[in-house]
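Based on these hints, arrange chains B, C and D on the given structure of chain A.
Residue numbers (the working numbering), protein chains in the order written: chain A, 1 to 373; chain B, 1001 to 1164; chain C, 2001 to 2158; chain D, 3001 to 3354.
None of these hints come from the bench; they were simulated from the model.
Hints are not guaranteed to be accurate.
[As the list claims (entries may be wrong)] Straight-line Cα separation of at most 35 angstroms, DSBU-like style, residue types lysine-lysine; simulated pairs:
(1) A/K42 to D/K3155
(2) C/K2009 to A/K215
(3) C/K2151 to C/K2096
[As the list claims (entries may be wrong)] What follows is a list of derived Cβ distance ranges for each label pair:
(4) A/T188 to D/N3128: 53 to 61 angstroms
(5) B/T1031 to C/H2058: 54 to 62 angstroms
(6) D/M3019 to C/S2019: 54 to 62 angstroms
We treat Cβ as the ideally placed atom computed from N, Cα and C, and that holds for glycine.
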Amino acid sequence: MDTTIKNSNLKSEEYFINMGPQHPATHGVLRLLLTIDGEIIKKVEPDLGYIHRSIEKMCERDSYQQIVHLTDRMDYLSSHINNEAVCLTVENALQLEIPDRVKVIRTIIGELTRIASHCLWWGVMGMDVGALTTYFYGFRDREMINDIFEETCGARLTMNYNIPGGLMFDIHPNFVKRTKEFIAHFKTKLPEYDTLLTGNVIFQKRMKGVGILTKEDAISFGASGPVGRGSGYSCDVRKYHTYSAYDKVTFNEALKTDGDSFARYQVRIQEMWESMSIIEQLIDNIPEGDVQVATNAVIKLPKGEFYQKVETARGELGVYINSTGTKNPYRVKFRSPGFSNLSLLNHIAVGGKIGDLVASMATLDLVIPDIDR
Amino acid sequence: MGLMKDYKTEVMTNQALQNLISIWIPDLEFTEEGSQFLNISVKPEQLHQLLSQLKSNNETSFDYLFCLTGMDWGKELGVIYHLESTSHRHIIVVKVQTEDRENPTLDSVCDIWKTADFHEREVYDFFGIKFINHPNLKRLFLTDEWEGFPLRKDYVDEINMVIK
Amino acid sequence: MSYFGDIVKGIKTLLTGMSVTGKYFITSRKGAITQQYPDNRETLKMFERFRGEVVMPHDENNEHRCTGCQKCEIACPNGTIEIIWDRQIDPESGKKKKMIDQHIYHLGMCTMCGLCIEACPTDAIVWAQNFENSVYDRSSLTKVLNQPGSKLKAGVEE
Amino acid sequence: MNISLNITTTITEFLSGFMSEGAANIGTMVVIALIYLAIFAVAGLYLVLLERKVAAWFQLRLGPNRVGPWGLLQTMADALKLVSKELTGTVKADKFLYNLAPYFVIVSSLMALAVFPFTKEFQAFDINIGLFFLIAISSIGVIGILLGGWASNNKFALIGAMRSGVQTISYELSVGLSLITMVLLTGTLQLSEIIEVQKNGWLIVQGHIPAIIAFMIYMIAGTAETNRAPFDMVEAESELGAGFHTEYSGMKFAYFFLAEFINMFIIAAVATTVFFGGWLSPFGITESIPWLGVFWFIGKTFMLVFLMMWFRWTFPRLRVDQLLTLEWKYLLPLNLLNIILMALIVWLNLTIQF
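Excised from the complex, chain A in its bound form (with noise of 0.2 angstroms):
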């Protein structure tokens, strides 16, 4: 669109306005400093570290089974899968033979989170563009996973239920029989949102070309999870890299070759689709089995270097940890998804209007202290 005005002697003048650190857009305290032409977006800086703990630090004067516990606060919408990071990486790092128990209980766990991350996210994006009801909605379905995680875990958000060996507990003996309750129920309730959202042609002309990512430029800017998917690009770590049970079940990777917001939209709906089908093809074939494998009070990785990558919901999260053969790492860095996703921004928001920007992030799916850590 040609915005300029030709033969003008009007002068315009771009100005710098501040959306956050404490905006309703911004979903936490992720401040962008913006540079505009009236309403188009020439620029967006994001200026981070209003909630950096610096995680990485703190880890290197923990012990391996304390590094768990603070992966809950980095990205709290999929702290399981989080947790699943660490511990396979010690595990790996240590070669131990993890019961299939465990790894399915994992698997589960895992795929409930991801939909409760994406419930999360459907509210929230429905609330970005203007949608106040779908907020509600999405909580209502995501109560009721909440309430597995609390019943089995003890916590509905920082789970911290894994632990290098396995899991702290066995799963709750209502586990299989509410899980169950919840996808007979979600069946229902995910084609609403449709319903409600999907079709909606206002919704479709705020989303459709807008935020447009290529596949190069995914790659390129590091893009994973459902925003580099969306670009067409196969980036599924639980395809690629398979961990814990995913070898053992069948599906699909979602993806669209769009690249805008819509495409990253129509991602995560179908990815809530694959990890209900994921969940019913395990719950029943939970295995038997011990939920731990001894390992040492001390945990001691041997000396080198370890690296792990799990798909949380949001993408592709790393876990390097470097050990010099002590009790406590030498160095744990984290390559958070939300991280990369953030840096691609600035790229996908200019030449848009504010509205665009503010429906770009919302299909980001950033969660900010993932991105601060």
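Only chains B, C and D this time, still in chain A's reference frame:
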């Protein structure tokens, strides 16, 4: 959809990678010890050449920089690049270190992978490594007036750091 | 004509959207998903695994199971638990042994990770389901878990 | 019934019993103004409550239920709280305009209320250009919003105000044209006479197809006129924080807020009068009891208010350029076509009359 995609692609072996890459630049150090990937140690002056070749070469085509880690090895500062190829699906790790702790400088790889922009700013913020040719090298997380680089091993902050 | 077709289609999608909210409006009498929190205190029951705060159960003789081994203190990532102990003469055996004086728990620093309870070899500390932890003064978040005058239950240490 | 429902004459007659004619007229004005102010302050508050309750029911919540039975006094308590709050403002604000803006908004919306016939003869101001007056008055409110956004010296407020200006100028056109379509059918602008015409069937039935199209256009444009979702570009809390009233607090904020709800009532009341027969009961079932007209008028209006709330709690918000596309590419051409269609129908006598 419906069609099951084949996710098992032919991966170049580490040995083949090593053979290929060692032709480009002679004095690289290769090791697989203590790591699940092939590690390459490179001198700072050859870093940019190696990395751009790793990306542009069709046989390697490491187009996905999935992790950029700043490191403090005690004596040296450095950066670890984790690279993956989205077409071949092999992974390689490139390490670079500099012994200059007062004014460490390395080449920026922003022009090769755009994601390096933020990651290098993070490394600059926490380790104080300056990246030459970085378009916008300023503090990312910390305030501009912050003194010191917190993730270095010799950083001391008696008020905020709780040491057990 | 696609111009008018678009209008009709657009209106149709809007009406389908309204049918969803309309359905919930009509059935809203069935009950809300929200809870009337302070009113439902009696019926509100937390799950038995819920991590509210760490407590040390005492039996009717005012005896606890904590031997003062400090494993919880070591396991805690945040320095939430402090154990003050000294060697006292055990009245039964007459020997000097390690006994807790105070098991201090800083609720304000606790992240509810549960590592201390996993670490405890004698099950002396457990989770309580109380979640109403807000207080007016930060200092009242520091709690002493063993009751005054309590002592170690016999037979725990074996 | 001996007491005439024509309140103006009733009060004037009563007052002229003990004062001169001029004084009585002025007295009447003051009394009626006070009555209207009181009624609509309360009505505005209860519209806010209704909105909150309706929103809650759409969203599976309970809504306000703490203050008074079923939360009926909630908005009263809110108003009390707002009155007692400090009036803050920015340092470099244009103080005079900043303080003036809320009054512009609230006065313009209160003025429009005067012309509605709530039931037969129960009308403060039966002007013969009634509809024209309404359209004119309802455009004044936007000046208040523009002033408020400009004078706040806040960029978010300014963006909101500019959006508001764009939006109101565009949609004013559709509101006017869709009403003119109906005027073709009635042949009068006077609201009381528009209702008289509808004794042979509500206009939405009389004018059938073009009337229904006009009604739909009117409701869309009317919703936009009140700056409510899906057209709440002006506030757009996920984009602009709070838009033009970012810097307002206390009672000044409450004026903006109340004005929005009274405007919504006005838009719905105009639609009731023009499309749904005003205070006329369906099929004339309660024609013998004129005061029941108030019930029918309010009832119909609230149905339309509910419709607008339903829009708000279902739809996402449009983007600012889409807002203009909708108006200039869809509503306006359709409206012009619709006028021709209506003219043809009136000319060929194809209206449905009972």
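Hint check:
Restraint check for A/K42 and D/K3155: the C-alpha separation of about 16 angstroms stays at or below 35 angstroms, so the hint holds. At most 35 angstroms may separate the alpha-carbon atoms for a hinted pair to count; C/K2009 and A/K215 meet this at roughly 32 angstroms. The hinted pair formed by C/K2151 and C/K2096 meets the criterion: a straight-line CA distance of about 15 angstroms does not exceed 35 angstroms. With their beta carbons about 57 angstroms apart, A/T188 and D/N3128 fall inside the hinted range of 53 to 61 angstroms.
Checked against the hint of 54 to 62 angstroms, the pair B/T1031 and C/H2058 passes, with Cβ atoms roughly 58 angstroms apart. Checked against the given bound of 54 to 62 angstroms, the beta carbons of D/M3019 and C/S2019, roughly 59 angstroms apart, stay inside it.
The structure fails none of the hints (numbered hints given earlier).
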